[in-house]
Amino acid sequence: MPPSLFLEQILNGVQFGLMLFLLAAGLTLVFGIMDMINLAHGSLYMIGAYLTATFVGLTGVFWLGVLLAVVGTALIGMLLEFSILRQLYKRDHLSQVLATFALILIINEVVRIIWGSQPLLLSAPEGLSGPIEILPGLNYSAFRLTIIAVGLVVAVGLFLLVNNTRVGMWLRAGASNREMAQAMGVPIKPLFTLLFGVGAALCAIAGAFLGPILAVQVGMGESILILAFVVIVIGGIGSIKGALVGALLVGIVDTAGRAFLPLLLSQVASPEVASNLGPALASILIYLLMAVVLFFKPQGLFPART
Amino acid sequence: MRYGPILLLLGLLLAFPPIASATGLEFYTGLLTKLMIFALAAGSLNLILGYGGMVSFGHAAYFGVGAYTAAILAREGVSSAWVIWPVALALSGLLAFLIGAVCLRTRGVYFIMITLAFAQMIYFLVVSFKQYGGEDGLRARRPDFGLFELSDTTLYYLTLAVLAAVLYGLYRLVNSRFGRVLQAIRENESRTAAIGYPVYRFQLVAFVIAGVLAGLAGVLMAHYTEYASPNLLAWQQSGHLMMMVILGGVGQFWGGVLGAATLLLVEEILQDLTLYWQLGVGLILLLVVLFAPRGLAGLLRRRAG
Amino acid sequence: QRTVKIGFVSTLSGGGAALGIDARDGFNLAVRLLNNQLGGVPVEVIVADDQQNPDVARQAVDRMLKRERVDFMTGIIFSNILLAVGDAIFEEKVHYISLNAGPSEYAGERCNPYFFNVAWQNDNLHEAMGQYVNTRRFENVFILAPNYPAGRDALTGFKRFYKGKIAAEVYNRLNQLDFSAEIAQIRAARPKAVYTFQPGAMGVNFIKQYAEAGLLREIPLFLPGFSADADVIRAVGRPMVGIYNSSHWALELNNPVNQRFVEEFRKAYNRTPTLYASQGYDAALMLDAAIRAVGGDVSKKDDLRKAFLAGFNSTRGPLKFNPNGYPIQNYYLRQVIQAPNGEIINRLAGNIFTNHSDAYVSQCKLR
Amino acid sequence: MSALLEIQDLQTFYGPSQVLFNLSLQIREGQVATLMGRNGMGKTTTVRSILGLTPARSGRICFAGAQIEALPPEQIAALGIAVVPEGRQIFPNLSVKENLIAFAANRNKSPNPWTLPRIYELFPRLQERQHNLGHQLSGGEQQMLAVGRALMTNPRLLILDEATEGLAPLLREEIWRVLQLLKESGQTILVIDKYVERLIALADQHTILERGRVVWQGNSEALKAQPELWKRYLSV
Amino acid sequence: MSLLVIEHLTKQFGGLLAVNDCNLSVEVGEIHALIGPNGAGKTTLINQISGAQRPTKGRIRFDGHEITHLPQHQRVRLGLARTFQITNLFRSYTVLENLELAVQARSGSSFRFWSPVKREKALREEAEQIAEMLGLTPRNHTPAAQLSHGEQRQLEVGLALACKPKLLLLDEPMAGMGPEESGQMVELIDRLSQSVTILLVEHDMDAVFRLARRISVLVYGQVIASGPPEAIRANPEVHKAYLGDDPGGQHP
Ligand SMILES: Nc1ncnc2c1ncn2[C@@H]1O[C@H](COP(=O)(O)OP(=O)(O)OP(=O)(O)O)[C@@H](O)[C@H]1O
Ligand SMILES: Nc1ncnc2c1ncn2[C@@H]1O[C@H](COP(=O)(O)OP(=O)(O)OP(=O)(O)O)[C@@H](O)[C@H]1O
Ligand SMILES: [Mg+2]
Ligand SMILES: [Mg+2]
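Residue numbers (the working numbering), protein chains in the order written: chain A, 17 to 322; chain B, 811 to 1115; chain C, -9 to 357; chain D, 35 to 270; chain E, 2 to 253.
In short, the hints are calculated from the structure, not lab data. What you are looking at is a predicted structure, and each value in this text was computed from that prediction instead of being measured. There's no promise every hint is true.
If we take Cβ atoms under 10 Å as the criterion, some of the chain B residues that face chain C in the derived model are [claimed, not checked]:
| no. | residue |
| --- | --- |
| 1 | D954 |
| 2 | A1044 |
| 3 | Q1047 |
| 4 | R1113 |
Derived contacts from chain A toward chain B, CB cut-off under 7 Å, selection only [said to hold, decoys possible]:
| no. | residue |
| --- | --- |
| 5 | L110 |
| 6 | E125 |
| 7 | G173 |
| 8 | L177 |
| 9 | Y303 |
| 10 | P314 |
With beta-carbon atoms standing in for the labels, derived distance ranges [unchecked claim]:
| no. | chain 1 | residue 1 | chain 2 | residue 2 | range |
| --- | --- | --- | --- | --- | --- |
| 11 | C | E58 | B | V912 | 42 to 50 Å |
| 12 | D | R94 | B | Q1046 | 30 to 38 Å |
| 13 | C | E58 | A | E195 | 53 to 61 Å |
Glycine included, C-beta positions come from ideal geometry on N, C-alpha and C.
Produce the complete structure using the sequences and hints provided.
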């Protein structure tokens, strides 16, 4: 295999990983810090993508569309928190699972009623739609490079927010002992609403940047949500650093598995066997990765602060 | 447990098929069979999830392996249920043992996800066997019981008998010494260990029992649909089972049964009424979570008590 | 005169819902245009959702057969669903008119007198594209499909008619989101053309990513018609322009049935019909013709079969069937273009096969 | 001097069961007051009602002139009440340092407020462990942290609910010394503790609870003079 | 004869040596008090003896068995029971249910799946006895979560007692108890010492000097002094590190 292809595949893995990170970031925030299992996270991601598609269609300007969608999704997220989810903090994880699963069903149908069942058009902005040459002989999609950049910025921003600000400490305190945090003067309710809004905004960012690459359609949130969970579990729940490392690991392992496993197998086995086994093994790979990580580190790679 | 309502229900279920076929409602016999199969599967999940606090997100694996074992054995020419059943149960039990042995090292959400991981591996493994249908699934001829022929009606009665027996067994189990320890572990694991219980062993045994029962449900499912599909193994199926248990009432004895019956019936009825039936299901689930914190069984119990 | 009941089980929710909904809308449109009658008999269409899940489908079919006691069944989109319920339907001696799923199982040895398919055999569109790529003398073609039975069948179908060199035959994962690894492989292999079959949203993802990698301009992409239909075009947009694909149906097929269909569909649903919609429409027309032929007596199963085999006048013109129930029809080449009004649509670009039959018919013992 | 905290006819319930009956209590600015009584008599419940964590069903609580019985806990805290709760309740997922600085404030506008260096000076052990997470601390270290955390808000009223529980004798003495210093600097304090003699030495005013009712109230001299009270209500 | 022997025990948390090459032995029948400043490593030591944490280095022998690597439940079976410094109960279970569970653990196998445990009268009776002994009888049917802090501490000790141990590890049993309850607890421990060996961690010097036959002082993970109470009271090192001017609580 030529080295440039190898390099490109690794880059693909990094990029896919950061794509997952965008989604996992919001999840680990809401789940790791507020201790709330929110399956409807995927639905917010879908709403973000739909809103982006709609607003980009209306305004004709990608970035303006993204901005409007982020604001819109954050508002929807806060509305959800305010009306329904806040009643679930006190409850166990299982009630949260059921309630947010119910939300998935409801949101899917509402989106279907509003936008129809067929996928929606959302393309990368004109200026970023082509490839650019990052190394001599290595072209790479400008839009995917943008995703990498956005992913990194979000990672750093979140890391600072959670670990280096007072609000971050309040959030963690409130999640571990709500009553005591209140007794120390933390206005938990508005704070959690706000945090949920931030989580939803991150979903919208993910939706806006993944939409041009993936199909914008009903149900787009569910399949990728599982991957996002895999990411944060590998990394250690609640740890932004963990989510980033987990996302990169999943991205690279998955991509490398698809790219190199069949090749490797064809060296050692008959082409028939290789072509059968390769894809099956590649599909299993990330789950295997997760199982192995959890076997040796039952709390994930960066057992976070709970 | 109060036996009056239970015996009444049992009587109604026993009398149902002849009445249904006399009135041209055979369809509902099939529907009830399916409800009972899922009640069995959800009941088994409730044992570990509700009573043991082990939130397994991979329960479909045993369900599916039960069904696939039945289908594959049938495909390979084994027609006797007396072979198929034991093999299927043993396999799902063995699988539960292996998976449980690894997964029980983790806790909480990590446990949820690692059980999911194993179930996904099983899923991809099964669909990679092209000779057994891959993603298309596999037809499973109904087996030979020797004593009776497995028609839709006898399958109904067989399922009913199995469900009743399993539920009675589970009832004894959760009220036995073992059941009490299992619940104590859910309540406070470190203390249970500190007063001298081998926590891991108790959890593993419960995990295997639940796996075997789910495998049993899977075998019945294969007999019922005469088909083993990869969907039985998919994570959505695990999720569906979990929803049933939570809806019915986690750790409430009737939780699994009630949840399975309610969710499937609601889906069935709403699908008849509207194309946007998932909206209805979602709203109902949401209402239950918000207003019946201990699930439907908790609600009923509060009414009765 | 009693009403005829038709059970329509289809995928109406979940990832594949767009397909089922199009088919259903096409079917309903035809029934409505026929004044809620088929063959002059009033009809009742009972719709159910299979959620793309064989077990749910099994339940729904049970209900159709045992509770509703339908006279005909149709609607299923996905082959694996059909395979899970087919036997149950045939056992009840109910004719099943497939409007999409065309598994090879029912085309060869296991063909069944109660099965008809108004759309295609699963391999057909891939065969057509293989033939076209072959005649264009593209050497070194990269072929790619998901690793599941229909994906494998697709590439088999393609290779049945494409005789040139294969650069690589790659199987990706079903429901994969990101294709960057495969696309990098394609780039490195430097093929002259790419053929891929990616069902549903995967197709949208692949084409978007292929275009965004800049490959669409360098290496032409060939697709089966359903991966390049109105729904996919709506989701991908401009990059689709120029792509060739194969289809048994096209928007501008010049016959009165089709023209009426396209016009009425646009009017009723305010969108461009897809081939799934045309297939739904045709399924209704096929039933209409057969019921009319038996004079409305749908209990005459043998006569019905003869009537079905005799064919009917479809959106694709007069359509005849082989004994295995699959159609004998033309396959066309389409190209995605931007119309002068700015709309991006498929344009008929030629004829690939004329009166083409599927590859399995000879194995079917039915006459 | 006016009362900083004034409680009148407090009645508090846990679900259906009543725990506090007509409890009244006043603490003046700068005073150190105590709550005494056996286990389970309602001391902690009184504190919870003041803090708004278990709101009273009836009765009035005034703090610094404002009526607070219906306010949510965070607003009460913001008015300047801080607690060292029973059972420590430090935040396990925050580091020692974060536990201290997250809620730092100067709610009593002190010219010489408690700051991180001063807390570390008071409990050098905390500085040694400052980057460890709360749940990694020993029981006594957690207790120090809980005291430090409350001090860092520079409250107008400091409530200590068994703050010396689990502390080694040396440290316990240290706490008493600090409380004495705080008192001298004018800090208003409500203490619950089992070391009656220490409390008599420290505090101005005492309230003894028995099954949720006030059975005795008075100053240190009076309490010292009536050892039979100790015996009867505190079994000392 | 030594019931418990600890040799060169070390426990490291990252860079911190919480227990550092610690040697200690507890004789049959004695009440052995372990005192030391906060964070000296007492709880960590108890955790390792009871099996809740694995030692980094060193050996633990109990009653003639090498138990360094045994799982927790086997140690309990050999006769080791502990209480927790930070209350650790079955919070939604009543007092009796808590105790029954502990009684059940050592009376026959619990891998019994069929007969209802409620019918086992013996379990209940023994649980009632223990509650009686603790003075918790009026609270028998109250869920643990609804007990006051002090009552919870009593139940904490009760759970360990119900294990009928040979060696009872008490981690600050008096913490959070009022004077009355503390007094009762002292009496209880005194009574228990007839039949059980006790390793007592406690900061209440009244109690320690009333009860202990022997005292070991742990500082920075190491035993700096060990001996009869008088010797410890007189030891200037101990005063400096731990006791201060408190020679024995508030009532000399
Ligand atoms: N959450 C609760 N639910 C029900 N009852 C409770 C709850 N918390 C406390 N109680 C009861 O309220 C009464 C008073 O408890 P409280 O905690 O105020 O006592 P306390 O005086 O602080 O005792 P201690 O010295 O043991 O801490 C006790 O009888 C206790 O059982
Ligand atoms: N899991 C852990 N990770 C890191 N450090 C820990 C951990 N557990 C305990 N420590 C540290 O080890 C030291 C010993 O703790 P330990 O709980 O044994 O003290 P102790 O003697 O019981 O003190 P106390 O009397 O305050 O309860 C403390 O400094 C504590 O911070
Ligand atoms: Mg208290
Ligand atoms: Mg300790």
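A quick look at each hint next to the structure:
A least Cβ separation of about 19 Å between D954 of chain B and chain C goes past the 10 Å threshold, and the interface hint is therefore violated. Contact between A1044 of chain B and chain C, as hinted, is supported at the beta carbon level, the nearest pair being about 9 Å apart and thus within 10 Å. The criterion of a C-beta within 10 Å of any C-beta in chain C is met by Q1047 of chain B, whose closest approach is roughly 9 Å, and the hint holds. Annotation: R1113 of chain B was flagged as interfacial toward chain C, and the flag is violated, the nearest CB pair being 31 Å apart, outside 10 Å.
With 7 Å as the threshold, the beta carbon of L110 of chain A comes within range of chain B, its nearest partner Cβ sitting at about 5 Å, so the hint holds. Interface restraint check for E125 of chain A: the shortest CB-CB distance to chain B comes to about 4 Å, inside 7 Å, so the restraint holds. Because the smallest distance between the Cβ of G173 of chain A and any Cβ of chain B comes to about 25 Å, over 7 Å, the interface hint for this residue is violated. With 7 Å as the threshold, the beta carbon of L177 of chain A stays out of range of chain B, its nearest partner Cβ sitting at about 22 Å, so the hint is violated.
Hint status for Y303 of chain A relative to chain B: holds, with the closest Cβ pair at about 4 Å, below 7 Å. Interface restraint check: P314 of chain A against chain B, minimum CB-CB distance 4 Å, threshold 7 Å, status holds. Restraint check, E58 of chain C to V912 of chain B: a C-beta distance of roughly 48 Å satisfies the suggested window 42 to 50 Å. Between R94 of chain D and Q1046 of chain B the C-beta distance comes to about 56 Å, which lies outside the given range of 30 to 38 Å.
Taking the beta carbon of each, E58 of chain C and E195 of chain A are about 57 Å apart, inside 53 to 61 Å as hinted.
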